[in-house]
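A.B. asks: Residues per chain, in single letters:
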Amino acid sequence: MVMPYDANADATDDALLRLYALGDGQAARELTARLAPRLVSFARRMLGDVAEAEDVVQETMLRLWKIAPQWQPGSARVSTWAFRVASNLCTDRLRRRRGQPLDAVPEPADDRPDADQGLIEADRLAALDAALARLPQRQRQAVVLRHIEGLSNPEIAETMGIGVEAVESLTARAKRALAAMLAGRKEELGYDEG
Amino acid sequence: MTKVDKGRAAQTGDADHDALAPYFAAARAEMPVIPAVLRDRILHDAAALQPRPAARERAAQPVAVRDLGARFSELIGGWFGAAGLASAALAGIWLGYADPGLIDAFGGPSAAASVDLMADFGDLLLEG
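Quick mapping for you: the protein sequence lines, in order, are chains A and B. Using the numbering used here, the first residue of the first sequence is number 1, and each one after it goes up by one. Using the numbering used here, the first residue of the second sequence is number 1, and each one after it goes up by one.
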């Protein structure tokens, strides 16, 4: 018999975490389905390496399972907490990389179909990711969380451990730099009509 | 920053946002999928770390009460120790309040005083 995956679909993340702590295995599946894809997307953009991003997500989820019995409902959003842990793990890895020779650092990964397949959408994503990879880490973190993962500025402030104004400043600078980097590629990427 | 500068910055910010909006929209529209192998790794961790029933009951109690209860239970040897201690306490209370005559009837102290368990022991000593 196949258990329905959406048995807890209406439950909040808080409630799912509590259910997990009470022994509900289905709650773990639902939480994984909700959080892990977004975390992988975020960590991949932060690290530019799929394997490392997946390790970060596994570690983040592992910490979530560990904290579940002590989780205080309403104290923080589970997703914000998870992004904060993933952010810190990414930062640790990026710091460790600084001590490595440049050749040991992986190139920004792009595991989607490329322009050779004529998929302009994929090309745009690849261009965005390449530009993001050239941003300073904090700007990249802020702009990805705000404009791709959809977190609010106060949530990003909590995630990054800074004030809301600092978040606004980081995202503004990041967007300015991204716009400059991508300006030369508008025609190539199909944005010349407007 | 003057009012004019702020206005220019806001205009620049709007222009940047407009230029980037299609890129961000494309990124948001991307449906991230986690590989089955990663999902299995995560769920394996979840199963391994899921609290057991006894731990869940303990987790449901307030920390201070749980600590005191656990320490006392360990001190007296768990549930068996607690049951023995409770029985002994009840027996002690009963002995304290019961009619002495009733205790004598169960072989209490006055009855025990009259019992000679080895009546012939003196004879055995004399016989060597």
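Keep in mind the hints are simulated off the structure, nothing from the lab. Every residue gets a Cβ at the ideal spot worked out from N, C-alpha and C, and that includes glycine. It cannot be assumed that every hint is accurate.
Claimed, not checked - According to the in silico footprint, chain B covers these stretches of chain A (three or more CB under 8 Å from chain B):
| # | stretch |
| --- | --- |
| 1 | 9-18 |
| 2 | 38-45 |
| 3 | 54-63 |
| 4 | 74-87 |
| 5 | 124-137 |
| 6 | 147-159 |
A.B. asks: Against the structure, test the hints numbered earlier, and report the numbers of the ones violated in rising order.
C.D. replies: 1 and 4
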